[in-house]
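Just so you know, the sequences run in chain order A and B.
Position 98 (the first sequence) corresponds to 98 in the working numbering; numbering is contiguous.
Each position in the second sequence, counted from 1, maps to that position plus 1000 in the working numbering.
Be careful, since some hints might not be right.
Said to hold, decoys possible - Some residues of chain B that are not near chain A, with every Cβ distance over 10 Å (derived):
#	residue
1	K1008
2	R1016
3	A1039
4	G1106
5	V1113
6	T1120
7	R1129
8	R1141
9	P1162
Unchecked claim - Some residues of chain A that are not near chain B, with every Cβ distance over 10 Å (derived):
#	residue
10	E20
11	L34
12	A37
13	R93
14	R117
15	S120
16	I124
17	L139
18	D140
19	E143
20	R148
Unchecked claim - Computed footprint of chain B on chain A; a stretch qualifies when at least three of its residues, placed anywhere within it, have a C-beta under 8 Å from a C-beta of chain B:
#	region
21	39-50
22	54-63
23	84-92
24	183-189
Source of the hints: derived by calculation from the structure; they are not laboratory data.
We treat Cβ as the ideally placed atom computed from N, Cα and C, and that holds for glycine.
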Amino acid sequence: MSPLTRADATRYLASRLTDEVVVSNLGQASLDLLAIADRPLNCYTFGAMGQCSSIGLGIAIGRPDVRVICLDGDGSLLMNLGSLCTIAAEAPRNYVLMVWDNEVHQTTGGQPTATARRASLVAIARGAGIEKSLEVRTLDELERAVDRILAEDGPLVVVVKVDRGSTTAAFDPDVIGEPARFRKALAAR
Amino acid sequence: MTDQSWAKHVADVLRRNDIRLYATVPDFIVSHVLDELWADPECRVVTTTREEEAVGLLSGAWLAGQRGALLMQNSGLGNCTNALASLNVASRVPLVLVMSQRGDLGEFNPAQVPMGRALTRILDALGIRWIRPTSIAELERQADGVIQLCYVSGQPVAIVLPTELTGGKKG
Chain A
1 MSPLTRADAT
11 RYLASRLTDE
21 VVVSNLGQAS
31 LDLLAIADRP
41 LNCYTFGAMG
51 QCSSIGLGIA
61 IGRPDVRVIC
71 LDGDGSLLMN
81 LGSLCTIAAE
91 APRNYVLMVW
101 DNEVHQTTGG
111 QPTATARRAS
121 LVAIARGAGI
131 EKSLEVRTLD
141 ELERAVDRIL
151 AEDGPLVVVV
161 KVDRGSTTAA
171 FDPDVIGEPA
181 RFRKALAAR
Chain B
1001 MTDQSWAKHV
1011 ADVLRRNDIR
1021 LYATVPDFIV
1031 SHVLDELWAD
1041 PECRVVTTTR
1051 EEEAVGLLSG
1061 AWLAGQRGAL
1071 LMQNSGLGNC
1081 TNALASLNVA
1091 SRVPLVLVMS
1101 QRGDLGEFNP
1111 AQVPMGRALT
1121 RILDALGIRW
1131 IRPTSIAELE
1141 RQADGVIQLC
1151 YVSGQPVAIV
1161 LPTELTGGKK
1171 G
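Given the sequences, and given the hints that come with them, work out the whole structure.
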């Protein structure tokens, strides 16, 4: 079985979306999502490294009627592990955290993160109290995980082990316009 | 002698400006405001593990249409400075910060002093408008206006709670 790429996983997830909110981490996750499946209900992030999962939690709390899927990265989530404890405690049913775990800080040149050594994000998520935490490594496993995140009550954490490699997608510097577009689209939904 | 009703005045000004979602890393002084909010069934208070996480959460809530305020000690400002700069200031995401000012008049702990001294200069460096009311009357004169400014300008603002208003922490 060939390993997943982040772009393939993004493409597959996007093919299953309807009116969910997707919050993407700064750097690779946002660049891929923008290039592959731009839509008004995408909330791209540009700064505040580490905060993707928390921004998504706030959206899920603010709009309990909408399913919120965060696309975080291993390096960023490792900066904000406390977020997993808060997600577990608040336990929003409409909240999903997916992590593109390629075991490196991709944007800064591919330096290994702690998941390349001993750390397991899925074990940390379970330890934080999120029972529905799973790890996927193949497209087949990803398909079954997406079945679950679109159907089950959250919170869910899905750690997707993906290949290393930088996206070639272009950076969109519209740090004011993109969040404003998202806010308007969510208000209209 | 400190008028202990200051905390209810702070809670009231937040609530009358339609803020119902709060995130906090608790602090002794700010806990008096939290007591008011926890007792209010219309308010939701989320305790985060770190102030930066609260900035992310409340920013997400605003993108989802809800106003929010972050209650913390001024030491927490150091823990969330980058998030405030690169998310709220850069992307025009408004957020009300309410923070006690440790490390100023009557402080007993030397470790609090450097952040107490740096507090308003950090806010100034980020371009964040702040008020620092030393009495309930001053709070009532300024706080509604600074919250209105927050949402009109799309920028974070800060309400700093000094010892003169709160009585501080005695040790």
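field: Violating hint indices (sorted, rising)
entry: Failing hints: none at all.
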